[in-house]
Amino acid sequence: MRILLIGAGKVGRTLAENLINESHDVVIIDRDEEVLRRCEDTLDVMVISGNGANAQTLINAGVDQADILVAATASDEINMLCCLIGKRLGAKYTIARIRDPEYNESQILLQSELGIDMAVNPERATALEISRLLRFPFANNIESFAKGRVEMVEFRASAKDAVTGCRLRDLSTRLPGLPRVLYAAVERDKSVTIPTGDFTIEENDRVYVAADPVTITHFFRYIGRDTHQVKDVMILGGGRISYYLSKMIVPTGMHVSLIEMKPAKAAQLSEELPQVNVLLGDGTNQLLLEQEGLQNMDAFIALCDRDEENLMTGLYASTQGVNKVVVKNNRLNYTDLIPKLGLESVISPRQITSASILRYVRARVNGSGTKVEKLYRLLNGKVEALEFIARKGDPYIGIPLKELNTRANSIVAVIVRRGKVIVPFGNDHIEDGDNVIIITCERGLNDLNEVIRK
Amino acid sequence: MNIKLVARNLGFILLIEAGCMVPSLLIALFHHEGDAPALALAILITAAVGLPLRLFARPQITNLRAREGFVIVGLAWVLMSVFGALPFVFSGFIPNFVDAYFEAVSGFTTTGSTVVTDFERMPMGIAFWRSFTHWIGGMGVLVLMLALLPKLGGRTSYLVKAESPGPSLSKVAPRMTDSAKILYVIYTILSLLMFVVLLLCGLNPFDAAIHTFGTAGTGGFSNYGQSISAFHSPAVEIVISFFMLLFGTNLALYYALFNGRWRDFFKSEELRWYLSINAVAVLLIALMILPEYQWDVGTSLRMALFNVATVSSTTGFANADYTLWPVAARAVLLVLMFCGSCTGSTAGGIKTMRIALMMKQSKREITRTYSPRRINVVRFEGRGVDEQMLHQISIFVFLYVLMMLIGGLLISLEGLYDLETNFTAALTCISNVGPGFGAVGPAGNFAAYGPFAKIVMTMLMLAGRLELFPILVIFHRGVWRRA
Numbered sequence: 035m036r037i038l039l040i041g042a043g044k045v046g047r048t049l050a051e052n053l054i055n056e057s058h059d060v061v062i063i064d065r066d067e068e069v070l071r072r073c074e075d076t077l078d079v080m081v082i083s084g085n086g087a088n089a090q091t092l093i094n095a096g097v098d099q100a101d102i103l104v105a106a107t108a109s110d111e112i113n114m115l116c117c118l119i120g121k122r123l124g125a126k127y128t129i130a131r132i133r134d135p136e137y138n139e140s141q142i143l144l145q146s147e148l149g150i151d152m153a154v155n156p157e158r159a160t161a162l163e164i165s166r167l168l169r170f171p172f173a174n175n176i177e178s179f180a181k182g183r184v185e186m187v188e189f190r191a192s193a194k195d196a197v198t199g200c201r202l203r204d205l206s207t208r209l210p211g212l213p214r215v216l217y218a219a220v221e222r223d224k225s226v227t228i229p230t231g232d233f234t235i236e237e238n239d240r241v242y243v244a245a246d247p248v249t250i251t252h253f254f255r256y257i258g259r260d261t262h263q264v265k266d267v268m269i270l271g272g273g274r275i276s277y278y279l280s281k282m283i284v285p286t287g288m289h290v291s292l293i294e295m296k297p298a299k300a301a302q303l304s305e306e307l308p309q310v311n312v313l314l315g316d317g318t319n320q321l322l323l324e325q326e327g328l329q330n331m332d333a334f335i336a337l338c339d340r341d342e343e344n345l346m347t348g349l350y351a352s353t354q355g356v357n358k359v360v361v362k363n364n365r366l367n368y369t370d371l372i373p374k375l376g377l378e379s380v381i382s383p384r385q386i387t388s389a390s391i392l393r394y395v396r397a398r399v400n401g402s403g404t405k406v407e408k409l410y411r412l413l414n415g416k417v418e419a420l421e422f423i424a425r426k427g428d429p430y431i432g433i434p435l436k437e438l439n440t441r442a443n444s445i446v447a448v449i450v451r452r453g454k455v456i457v458p459f460g461n462d463h464i465e466d467g468d469n470v471i472i473i474t475c476e477r478g479l480n481d482l483n484e485v486i487r488k
Numbered sequence: 013m014n015i016k017l018v019a020r021n022l023g024f025i026l027l028i029e030a031g032c033m034v035p036s037l038l039i040a041l042f043h044h045e046g047d048a049p050a051l052a053l054a055i056l057i058t059a060a061v062g063l064p065l066r067l068f069a070r071p072q073i074t075n076l077r078a079r080e081g082f083v084i085v086g087l088a089w090v091l092m093s094v095f096g097a098l099p100f101v102f103s104g105f106i107p108n109f110v111d112a113y114f115e116a117v118s119g120f121t122t123t124g125s126t127v128v129t130d131f132e133r134m135p136m137g138i139a140f141w142r143s144f145t146h147w148i149g150g151m152g153v154l155v156l157m158l159a160l161l162p163k164l165g166g167r168t169s170y171l172v173k174a175e176s177p178g179p180s181l182s183k184v185a186p187r188m189t190d191s192a193k194i195l196y197v198i199y200t201i202l203s204l205l206m207f208v209v210l211l212l213c214g215l216n217p218f219d220a221a222i223h224t225f226g227t228a229g230t231g232g233f234s235n236y237g238q239s240i241s242a243f244h245s246p247a248v249e250i251v252i253s254f255f256m257l258l259f260g261t262n263l264a265l266y267y268a269l270f271n272g273r274w275r276d277f278f279k280s281e282e283l284r285w286y287l288s289i290n291a292v293a294v295l296l297i298a299l300m301i302l303p304e305y306q307w308d309v310g311t312s313l314r315m316a317l318f319n320v321a322t323v324s325s326t327t328g329f330a331n332a333d334y335t336l337w338p339v340a341a342r343a344v345l346l347v348l349m350f351c352g353s354c355t356g357s358t359a360g361g362i363k364t365m366r367i368a369l370m371m372k373q374s375k376r377e378i379t380r381t382y383s384p385r386r387i388n389v390v391r392f393e394g395r396g397v398d399e400q401m402l403h404q405i406s407i408f409v410f411l412y413v414l415m416m417l418i419g420g421l422l423i424s425l426e427g428l429y430d431l432e433t434n435f436t437a438a439l440t441c442i443s444n445v446g447p448g449f450g451a452v453g454p455a456g457n458f459a460a461y462g463p464f465a466k467i468v469m470t471m472l473m474l475a476g477r478l479e480l481f482p483i484l485v486i487f488h489r490g491v492w493r494r495a
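These protein sequence lines map, in sequence, to chains A and B. Residue 35 is where the first sequence starts when you use the numbering used here, and the numbers rise one by one after that. Residue 13 is where the second sequence starts when you use the numbering used here, and the numbers rise one by one after that.
The shape of chain A in the complex, shown without the other chains (with noise of 0.2 Å):
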């Protein structure tokens, strides 16, 4: 497809990145020429200097021919302009970046006055991100299947859980009460398997595993990790993702203690979430910390604007023995080297963006003829996840899974049979209108009779 990105910033970068790799032609608007020049040098794009909300540009950029137009200037205001514009002129579908608060209210409205197919806001996608983290705070990460039925989370596997260090076909005798949950993928050293009966979980393995969430929680429960919920967490900085996150997670009963700098900016937090502690100081002052009680903490999370605090004041926390710790991390090249130091759950805004931005991009792309319902891209896009629905009359219909053949390298994960979520065995069958998830190392998958055969 045909992809239009407007503002080569960080958001823009990754994305086209991103876009590159999943062979989209990719057109680049900017103003600044010396940004242009940097990225017509290391990616390869078509780069066009001017005002993407201006009409004669965005034509020379080949609009109407345009599938998506991607929006993402710092200013909110020449973001929805862009995408007026683009979709007069021909853009099928156009996306914006709007992160005021203010516009977010008034979204739905303005999205179809506008024309806006999609509204991404970074600070609340990143709130979002953290808020689920703060649920299942034994994950890594979590991703969400059948409309939020199925989650499938990633773990770092310690000696001390109990399903490490024995054969997973073994799994269900040598411990009768554990839940049954699918192994998806396992990562070791940097290369992924699809688990077989066979395969051993060791320590150190990234695992993710898939279950309805209830499961989830219980299997962890069993296999021995701490299922507690957060109940008392501090943030780091008073920027809109803490603010956003604030809103998210005081109503499910958390008590949250913010800690902003400037003062001016605290007393506005005060004022507009009177039910968080905001709390006036340096984040970086270790005795602040410790006087408002972090070692007391159930999670906590750094969130000023620069990276090096972040992880600092993290490393700091997690070693004061609190349990939880999120950091956030924008500057993508130290990824490898943050889980090294102990800090597993980094979050980073525009890799979540833009996220969120491809996912919107690969549902157009298999709206136009595949039968991928969803795509997602686990372990920095090693494994995919893909969702479909079973039709009727296909030749796997009624079949025992085990008389099936089943593509190398991919399983069934999870079968979603009218709400009902089962995680499959051999005996198990796949019945018309099913939604089946199916997780595999392979790339370009788009019909579910591509993966079991009779």
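Quick caveat, the hints were computed from the structure, so don't treat them as lab data. Watch out, some of these pointers could steer you wrong.
To be verified - Selected chain A positions facing chain B (in silico; Cβ < 7 Å): (1) E56; (2) D59; (3) V60; (4) V61; (5) D66; (6) D75; (7) D78; (8) V79; (9) M80.
To be verified - Label pairs and their calculated CB-CB ranges: (10) B/P64 to A/I423: 48 to 54 Å; (11) B/L287 to A/I142: 54 to 60 Å; (12) B/A60 to A/P373: 45 to 51 Å.
For clarity, every value in this text was computed on a predicted model and none was experimentally measured. The beta carbon of each residue, even a glycine, is placed where N, CA and C say it ideally should be.
Please build the complex by placing chain B on the supplied structure of chain A, with the hints as guidance.
The following block gives chain B in isolation, referenced to the frame of chain A:
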């Protein structure tokens, strides 16, 4: 410097070159003139060197950086010419390797300067290969590689930048591979069109093909010693003049034309400059040479048009010996040798866009001397040009003239000929035109120069075709450091 990555890509280029020799071999086999074994051997050797490089050079890091990109392009052109010289040597047609190398470089860089004197003895397979190098070299081998090899990785823009003529890269599609394919398709279509028109003018298919290659690549090799005048056909001269100007234009503009974007084509500022310069030159020369052609306006215009087109498009075909023209007419041609044609064309020279921008910049500097506070952005193609690009262009023009002067100096060290011959030889080489003035004019050739002067000229031709930097980079120590 990631040597293995460079080696791997060079291997692929040699394989492409071996493939490009196959049509010549087929022609040689068909005509039985004894050159088939030479071509077959050259193909085998080229492939035998290319294949192991391609298979066994496995770089750990496959990321192409600016330095690898430029070094690949620079070395690729040197290597291609070395292997491209093999058929000439093996067939015994040009037994001296330096001479053969000169001929191959002249072919690939679309210069068209030749050391050949006995055209009647040239076998058809060899003649075909000699001209086919023009066609490949015109658009560029790395562009061909990109068109053939979609999975070369992301940062291929360095390769194309290093190989494509002009200060700015004209990409016609978001993906480099698609862009390369589209440009090659346009190039092929225009070449086929010309081939058909030449057939209609009464040329036999072989001559038509040879002269199509020479024109499309703006090279200028002919299989006749008298070049185009061998046909004694005004129609052929006019057709070739027209196509020389056509291939001297940015090929991306034809893509706009094919897509129905007429306005983009006619609004192109560079094209207007190019056509105006040529029109003025044609009229001036036609006036000056009127007495030479018995005051026959038609013939004078035709002669002027052909020679202006052949020099400004840096092709170098000849229909008359312009060294016999009045000095004023020769002076106009000399100036045109510097200018060359458009960005993104197959031609050489400094390029119209650079000339236009230098003019505008000079005008601005003059304004600035009497009005120091005036802000004056240089505009081109309807938009402001950034200062860094202007700066690069100034440096480019300086280096271009400098290299031409040093080249002329080095050539003169051999002690042959006169200043006019030696310095225009250097100019014609760096501008990829073909003939110069004096003893290297359309009626002469480069055979008499010694090996030293010929090597200097090959460097000038390569530097001119690749627009200096890829060749200069090879000689820069810093680029070869491990990191």
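Here is how each hint holds up against the structure:
{"no.": "1", "hint": "E56", "result": "violated, 13 Å"}
{"no.": "2", "hint": "D59", "result": "holds, 4 Å"}
{"no.": "3", "hint": "V60", "result": "holds, 6 Å"}
{"no.": "4", "hint": "V61", "result": "holds, 5 Å"}
{"no.": "5", "hint": "D66", "result": "violated, 11 Å"}
{"no.": "6", "hint": "D75", "result": "holds, 6 Å"}
{"no.": "7", "hint": "D78", "result": "holds, 5 Å"}
{"no.": "8", "hint": "V79", "result": "holds, 6 Å"}
{"no.": "9", "hint": "M80", "result": "holds, 4 Å"}
{"no.": "10", "hint": "B/P64 to A/I423: 48 to 54 Å", "result": "holds, 52 Å"}
{"no.": "11", "hint": "B/L287 to A/I142: 54 to 60 Å", "result": "holds, 56 Å"}
{"no.": "12", "hint": "B/A60 to A/P373: 45 to 51 Å", "result": "holds, 48 Å"}
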